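Undergrad: Construct the complete structure from the given sequences, taking the supplied hints into account.
Quick note on this note's numbering: the sequence shown kicks off at 19 and runs consecutively.
These are calculated hints, taken from the structure and not from any lab test. If you're wondering where the values come from, they're calculated on a predicted model, not measured in any experiment. Ideal Cβ placement from N, Cα and C applies to all residues, glycine included. Don't take each hint at face value.
[Said to hold, decoys possible] Below, a list of computed lysine to any residue pairs in the SDA-like style, where the Cα atoms sit at most 20 Å apart: (1) Lys36 to Ile101; (2) Lys43 to Arg80; (3) Lys85 to Ile59; (4) Lys36 to Glu70; (5) Lys43 to Arg97; (6) Lys45 to Glu71; (7) Lys43 to Asn90; (8) Lys107 to Gln27; (9) Lys45 to Arg97; (10) Lys107 to Lys43; (11) Lys107 to Leu29.
[What the hints assert, rightly or not] Derived DEER-like restraints, expressed as beta-carbon distance ranges: (12) Lys43 to Phe103: 27 to 35 Å; (13) Asn98 to Arg54: 22 to 30 Å; (14) Glu104 to Ala35: 22 to 30 Å; (15) Ala60 to Gly106: 37 to 45 Å; (16) Met19 to Ala60: 20 to 28 Å; (17) Asp121 to Ile59: 28 to 36 Å; (18) Cys77 to Gly117: 17 to 25 Å; (19) Phe103 to Gln53: 32 to 40 Å; (20) Asn105 to Gln53: 40 to 48 Å; (21) Asn105 to Lys85: 52 to 60 Å; (22) Tyr55 to Gln113: 18 to 26 Å.
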Amino acid sequence: MLSPLEASQLLTDEYSAKILLATYKRKISAQEISQRYGIPIAACYRKIRILEEVGLIECVERILTQKGKRKNLYTSCLRNAYIFFENGKLRARFQLATGQVKDFGGDWNGLDLMKQ
Numbered sequence: 019m020l021s022p023l024e025a026s027q028l029l030t031d032e033y034s035a036k037i038l039l040a041t042y043k044r045k046i047s048a049q050e051i052s053q054r055y056g057i058p059i060a061a062c063y064r065k066i067r068i069l070e071e072v073g074l075i076e077c078v079e080r081i082l083t084q085k086g087k088r089k090n091l092y093t094s095c096l097r098n099a100y101i102f103f104e105n106g107k108l109r110a111r112f113q114l115a116t117g118q119v120k121d122f123g124g125d126w127n128g129l130d131l132m133k134q
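TA: Here's what the structure looks like:
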């Protein structure tokens, strides 16, 4: 399970944010995302894998290219995302297209960082 800080970083990371925006309500390949948004292809695949593992995007179709290679098309599962700072605690909430809500936080206290 991600910490609230890690969950919030998925939204604020430049490449992850571009991938989430590129896949919102449409199917698109990693190659197209890389070209359109200026993300190096290796970084694009790495971020896609992380976003898939967390459940924020999914492969919805595999197509065969003219060269006979398989190409995955991805779409975002994320509909709403919130980052909260309440009473010295960081929380993140992701609402998915299915209606499922993923909450991160509650136990992670940012004030602990100040004690170090």
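Undergrad: Check the structure against each numbered hint from earlier and tell me which ones fail, lowest number first.
TA: 10
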